[in-house]
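S.K.: Letter by letter, the chains look like this.
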Amino acid sequence: MTFFDSLIILVFGLGLVFVVLIALCGVISLESKLLEAFKPKKPAEKKPVEEAEEVPEATCGELKLIGVEEKTAAMIMAIVSDESGIPLSELQFKSIKALD
Amino acid sequence: MTFFDSLIILVFGLGLVFVVLIALCGVISLESKLLEAFKPKKPAEKKPVEEAEEVPEATCGELKLIGVEEKTAAMIMAIVSDESGIPLSELQFKSIKALD
Amino acid sequence: MTFFDSLIILVFGLGLVFVVLIALCGVISLESKLLEAFKPKKPAEKKPVEEAEEVPEATCGELKLIGVEEKTAAMIMAIVSDESGIPLSELQFKSIKALD
Amino acid sequence: MTYSLGETIRKIWELSGFTALTWQELVMLLVSFVLIYLAIVKKFEPLLLLPIAFGMLLANLPMTDLLAPPSDGQAGGLLYYLYQGIELGIYPPLIFLGIGAMTDFGPLIARPSSLFLGAAAQFGIYIAFMAAIALGFTPEEAASIGIIGGADGPTAIWLTSKLANELLPAIAIAAYSYMALIPMIQPPLMRLLTTQKEREVKMEQLREVSKLEKIVFPIIVTVLCTFLLPSVAPLIGMLMLGNLLRESGVVDRLSKTAQNELINIVTIFLGITVGSKAVGEKFLQPKTLMIIGLGLTAFAFSTIGGLLLGKLMYWISGGKINPLIGSAGVSAVPMAARVSQVEGQKANPGNYLLMHAMGPNVAGVIGSAVAAGIFYALFGK
Amino acid sequence: MTYSLGETIRKIWELSGFTALTWQELVMLLVSFVLIYLAIVKKFEPLLLLPIAFGMLLANLPMTDLLAPPSDGQAGGLLYYLYQGIELGIYPPLIFLGIGAMTDFGPLIARPSSLFLGAAAQFGIYIAFMAAIALGFTPEEAASIGIIGGADGPTAIWLTSKLANELLPAIAIAAYSYMALIPMIQPPLMRLLTTQKEREVKMEQLREVSKLEKIVFPIIVTVLCTFLLPSVAPLIGMLMLGNLLRESGVVDRLSKTAQNELINIVTIFLGITVGSKAVGEKFLQPKTLMIIGLGLTAFAFSTIGGLLLGKLMYWISGGKINPLIGSAGVSAVPMAARVSQVEGQKANPGNYLLMHAMGPNVAGVIGSAVAAGIFYALFGK
Amino acid sequence: MTYSLGETIRKIWELSGFTALTWQELVMLLVSFVLIYLAIVKKFEPLLLLPIAFGMLLANLPMTDLLAPPSDGQAGGLLYYLYQGIELGIYPPLIFLGIGAMTDFGPLIARPSSLFLGAAAQFGIYIAFMAAIALGFTPEEAASIGIIGGADGPTAIWLTSKLANELLPAIAIAAYSYMALIPMIQPPLMRLLTTQKEREVKMEQLREVSKLEKIVFPIIVTVLCTFLLPSVAPLIGMLMLGNLLRESGVVDRLSKTAQNELINIVTIFLGITVGSKAVGEKFLQPKTLMIIGLGLTAFAFSTIGGLLLGKLMYWISGGKINPLIGSAGVSAVPMAARVSQVEGQKANPGNYLLMHAMGPNVAGVIGSAVAAGIFYALFGK
Ligand code: NA
Ligand code: NA
Ligand code: NA
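Protein chains in written order, with the working numbering: chain A, 1 to 100; chain B, 1001 to 1100; chain C, 2001 to 2100; chain D, 3001 to 3381; chain E, 4001 to 4381; chain F, 5001 to 5381.
Worth flagging that the hints you see were computed from the coordinates, not collected in a lab. You may find that some hints are simply not true.
With a Cα cut of at most 35 Å, we get these calculated DSBU-like pairs of lysine-lysine [as the list claims (entries may be wrong)]:
1. C:K2033 <-> E:K4042
2. D:K3011 <-> F:K5381
3. F:K5214 <-> D:K3043
4. E:K4043 <-> E:K4202
5. A:K33 <-> F:K5320
6. E:K4043 <-> B:K1033
7. A:K39 <-> F:K5214
8. B:K1039 <-> D:K3214
9. D:K3042 <-> F:K5211
10. E:K4202 <-> C:K2033
11. D:K3214 <-> E:K4011
12. E:K4011 <-> D:K3381
13. E:K4011 <-> C:K2033
14. D:K3256 <-> F:K5256
15. E:K4042 <-> B:K1033
16. E:K4042 <-> D:K3311
17. E:K4214 <-> C:K2039
18. F:K5043 <-> C:K2039
19. F:K5282 <-> E:K4256
20. D:K3214 <-> E:K4042
21. D:K3211 <-> B:K1033
22. A:K33 <-> F:K5042
23. F:K5211 <-> D:K3043
24. C:K2033 <-> E:K4197
25. D:K3011 <-> F:K5214
26. F:K5282 <-> F:K5214
27. E:K4211 <-> D:K3256
28. E:K4214 <-> D:K3256
29. F:K5042 <-> C:K2033
30. C:K2033 <-> E:K4287
31. D:K3042 <-> A:K39
32. C:K2033 <-> F:K5043
33. D:K3381 <-> E:K4202
34. E:K4311 <-> E:K4202
35. D:K3287 <-> B:K1033
36. D:K3214 <-> B:K1033
In this text, all values refer to a predicted model and were calculated from it rather than measured experimentally.
Hey, can you work out the whole structure from these sequences and the hints?
M.R.: As structure tokens, this is what we get:
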């Protein structure tokens, strides 16, 4: 294979990679728009926390504690961290709520 | 294969299914009775909950709580449910007892 | 194969097992010594428990409880035992510390 | 060797799928989308329908050579190799190993008469067989079609791969689809064939089954079934080995692996390769539509068979057996048993038939394996 | 094609097992029940004995074709295919991979002289080999029988499948049974060959082994053993790869899969197919009884070999080595080490030999793999 | 048959490795130690480098017959059989199945223009291809060498096993080593090719992607890519099946097995057998050094390609795109994306590029699979 042949492969091959991925880009964009267009009006999806009014809330940084003491919450987080193998620093808890 | 042939297969095949499963039924019934007959007198297998007398008991529907508050029990149940992937509504806890 | 042949196999075979395993013993001893010789002076590896001074400590047999009540600790141990399938009697906890 | 731009483009173009797509492949792609929809949105037995549908999708994209056998020292396609597990009859018994390790035969041991219902609910197999013969299918094909009425996926795949390989995808898809549709197919028949009074029957609590009985059970079933019908050995043998691993209590790690990782791996391979056999030209034939029709027939008559024997047992037992548990004899564990439970509660809110229906339900698994073994003994090889 | 009722019934009857059962098969079924009993109730190495026993059960139910090789384009039986993993020597090394990932060689590294005990406890292998030769076995058979004395199941299966395939089930069953019987076989010999004073010896605590030593260990063992004896590469290589995966600490997910799902899957397949080779006519021969007898001899003399060298080391070390750890050199991890611990405590309640016995114990695994390699080098091919 | 002591010793000696070790094997053993060191201490993609290095170690210990094909009815070596999964093209697609089940394509769906970067970062593949041609490699070899620049191990192994089998170990080792070296290779190029102002760009938060989009995505990618380029079906098809299992949400157990046990088992087998192909005489050739050099070239130019298109997109978007995410297009998920994040934060501590870089990063996986498919279409068979 000559140098020129290999250059053709470069131009053509890389071109084809672009063609395929640009086609993919186009189809995905289109699909997203279609799905958006046909999507039913979003009902408010987040259900309000039920019967949460009477529950005392404690804040712990960005973590919501509902009916749970900080110490208990810390323990839960430690257990989850230990078992999932995810370091505590990378775990994100949004809220811990006691089940009554 | 004629219709009549296939009818024979029906009668004979379904018959054979019944023969095998009835034989199985017989053998299993027999086995249960044999095992029952030769079984040693059952010693009272259920050990009474040891030293449970002085422990305050709380009832939570059909769930026995021994030395555990309801909130704590709920947390344990939530953790178990989450980790086992079984919805809380399907989990059956018989009792939760604090280990002292 | 004659009896004498099989005796030769015994002497020779068992001898070779010894040769291989003695060689292994020699190499491993040598390696251990080499590694020992080249090892950097050990820095004190155990980090002191950080900020543990102000935390009230409870002792529970050989188990250190730091900022955790006994009942809570027992629950944690029960959960860990249950999930790991290791009977409580064989689990060894060194300390349980609340994360604050 | 020199390459010219034009030649290179032409080569790639010729190697692309556009020039090669047939209308049959196009239709099959649409079918695969529908199946993916059913699996994900309607949750139709997704564990198998989703891999099957994706296999179908892959197999109908043109020119992939995924199914190509090896030739001239050139390796074959990926799906060709994964398919060997079906071709050689390996996957279905391994699935059964896992199912055995997941199944509690306690309710069946506590009331062995459940086995009658598990036998009666194979009725549809033979009705569909007769109908298929009447429609001109060969006996081997008819047997494979009939076994859809066993409502048991691995059994259907096992038998069809041995007797009528080319019908495999249609039969597998029909079997799993109808299994998913059990809650729609059975209730009308259940209400039609039973009276309100029958449906209201509360059944006596099942006795407790000892551990020893549970351990002895898989051994007895293996010995007896294999003696009577040696051809069922791979299915019943593996099902019962799995159950023995479970009930023995001494090899938990094997039991867990059999019912989790091993069955999952095999399920992925089985699903994708079964689907990959649904290549357009072979699949889009009148036969396939007939199979779908006959499969429904088979399911309906199996349900009817179970219910009618249930009624007989109601009558013989003096009203102690609720005939609704008969329809659970079709297998489709545990969906059919749940349908019995739901219908029972509709008739009488205090009625809990689930455990009582589990007996016929697991008996149905044995029943359809036996039926498959009979067909294999008759038409195999 | 027409079917008559009579013909159909005759066909099924002929295909059922009743006409075909031989007395040998009947005996083997009883043997399989006994093994299932021992596995479940007596907990004799159930992870392997239970699948082996079930494989034996399946293989001796007549006419199942489970072991049939493929012929005329017809697929073979399920167990034929699963057996390929033994035939081709794949399963035992994969089991060793998992065992390596489960094993802590720390106690051996801390006291490398344990390796002498691991060598001495292969004594029984050669005694049984000689006895087998004297009884008229071929050298290949005698080597396979001798290796029972290695008290290491996968090694025995690996060597036997290479040298004397037809003895595989007898040897595997003997090996696993005697491994389970270690707590009965060893203690009398231990008490016979040691004095109370020797048994009372408390050993010095083992030094801590660094992570680096643990990582270098499997590499050294692989290189050295394979150099000296290339034929051990599949066994020692995989054992040490598993251990390296474990000790490296950087590929936990591979290590966990090797010691759980992978070994479990292979164990099921290995067990059931080893058992399935125990077909009546071949198994029920005087040879089998001889193998059982020779296996016990092998275990006894391996124990004796370990103990005698233990006594020598006691004497050389000036009483610092407790000779009871010598018997742990037979392998059978960790049971043999536990027996040393129990006997040590009987002599002196404050005696904790477990960790000290683990060194010879894991050395014994290496020792019997080496012995198997020697036999393979001598008699292989 | 009689044995003399002298003859026996001679036989063992001849069968030991000492007489047979070549200098090439010795060098390869040292190389394997270096790779083990890099895998464990430097944590260079240890999941694959460690098994590869150990396979290399085993393969270069003389006379083990681990790689021997079967002959004369004698079984082949262990690694010969495990190697069939590569030979037949089975392992890399199964790895991709697991990767697909682990990958969240959300960031790519949210910003599909990431795909441009995933295309541009295949630049190095073609540069290295040209360079390899210039150095005298055959087109098949040059393509396999070029694909190192895809920074995607399974893709490189898949293509090389099809086109230039004998280069497999060199290419696999180069690919995985450079992937591990991404944090050293990329940053200088990133700083060289971008201005401080460009690197400081904070990008707009990505929109949330609906579950439906995530489910439709793998189906679209499979259909489109396979249509345009049927030869990518095994890679893209399996990658997307894995992703569909994940995103469907209805087959969790299959998804988990695909991304854990299945991929782990295959990784062990793949690694050890790839490494075992690095036999001294074939590996220690000038070609290998050239491959290592060309591989680095490929990585560098792929990085450059991604960065340059990133700069173009920065310019077209009016400064909304941070060109640092371009280098993540090389794949090497998620390491390359992390490098983008780190460099972005160095320029502007409040800059969080990780999620933005994940789009090009996963696009790069698709991009290199496409590039591999093109090479296979051009030079395959
Ligand atoms: Na059924
Ligand atoms: Na041993
Ligand atoms: Na890439």
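S.K.: Give a verdict on every hint.
M.R.: Verification of the hints:
1. C:K2033 <-> E:K4042: violated (46 Å)
2. D:K3011 <-> F:K5381: holds (14 Å)
3. F:K5214 <-> D:K3043: Roughly 17 Å between the alpha carbons, so the hint for K5214 (chain F) and K3043 (chain D) holds.
4. E:K4043 <-> E:K4202: At roughly 31 Å apart (the allowed maximum being 35 Å), K4202 (chain E) and K4043 (chain E) satisfy the hint.
5. A:K33 <-> F:K5320: Satisfied, since the Cα-Cα distance of roughly 22 Å is no more than 35 Å.
6. E:K4043 <-> B:K1033: It holds: about 26 Å lies between the C-alpha atoms, which stays within 35 Å.
7. A:K39 <-> F:K5214: holds (15 Å)
8. B:K1039 <-> D:K3214: holds (15 Å)
9. D:K3042 <-> F:K5211: Holds, at roughly 15 Å.
10. E:K4202 <-> C:K2033: holds (25 Å)
11. D:K3214 <-> E:K4011: holds (34 Å)
12. E:K4011 <-> D:K3381: holds (14 Å)
13. E:K4011 <-> C:K2033: Judged against 35 Å, a Cα distance of about 76 Å means the pair is violated.
14. D:K3256 <-> F:K5256: The given pair, whose Cα atoms are some 15 Å apart, holds under the 35 Å limit.
15. E:K4042 <-> B:K1033: holds (24 Å)
16. E:K4042 <-> D:K3311: violated (46 Å)
17. E:K4214 <-> C:K2039: holds (14 Å)
18. F:K5043 <-> C:K2039: holds (21 Å)
19. F:K5282 <-> E:K4256: holds (34 Å)
20. D:K3214 <-> E:K4042: holds (17 Å)
21. D:K3211 <-> B:K1033: holds (14 Å)
22. A:K33 <-> F:K5042: With a Cα-Cα distance of about 46 Å, the restraint between K33 (chain A) and K5042 (chain F) is violated, given a limit of 35 Å.
23. F:K5211 <-> D:K3043: Answer holds: K5211 (chain F) to K3043 (chain D) is near 16 Å, not above 35 Å.
24. C:K2033 <-> E:K4197: holds (33 Å)
25. D:K3011 <-> F:K5214: holds (34 Å)
26. F:K5282 <-> F:K5214: Distance of about 46 Å is beyond 35 Å: violated.
27. E:K4211 <-> D:K3256: At roughly 32 Å apart (the allowed maximum being 35 Å), K3256 (chain D) and K4211 (chain E) satisfy the hint.
28. E:K4214 <-> D:K3256: holds (31 Å)
29. F:K5042 <-> C:K2033: holds (24 Å)
30. C:K2033 <-> E:K4287: violated (50 Å)
31. D:K3042 <-> A:K39: Holds, at roughly 18 Å.
32. C:K2033 <-> F:K5043: holds (26 Å)
33. D:K3381 <-> E:K4202: violated (69 Å)
34. E:K4311 <-> E:K4202: Holds, because 14 Å separates the two Cα atoms, which is no more than 35 Å.
35. D:K3287 <-> B:K1033: violated (50 Å)
36. D:K3214 <-> B:K1033: holds (14 Å)
Violated hints for the displayed structure, listed by number in ascending order: 1, 13, 16, 22, 26, 30, 33, 35.
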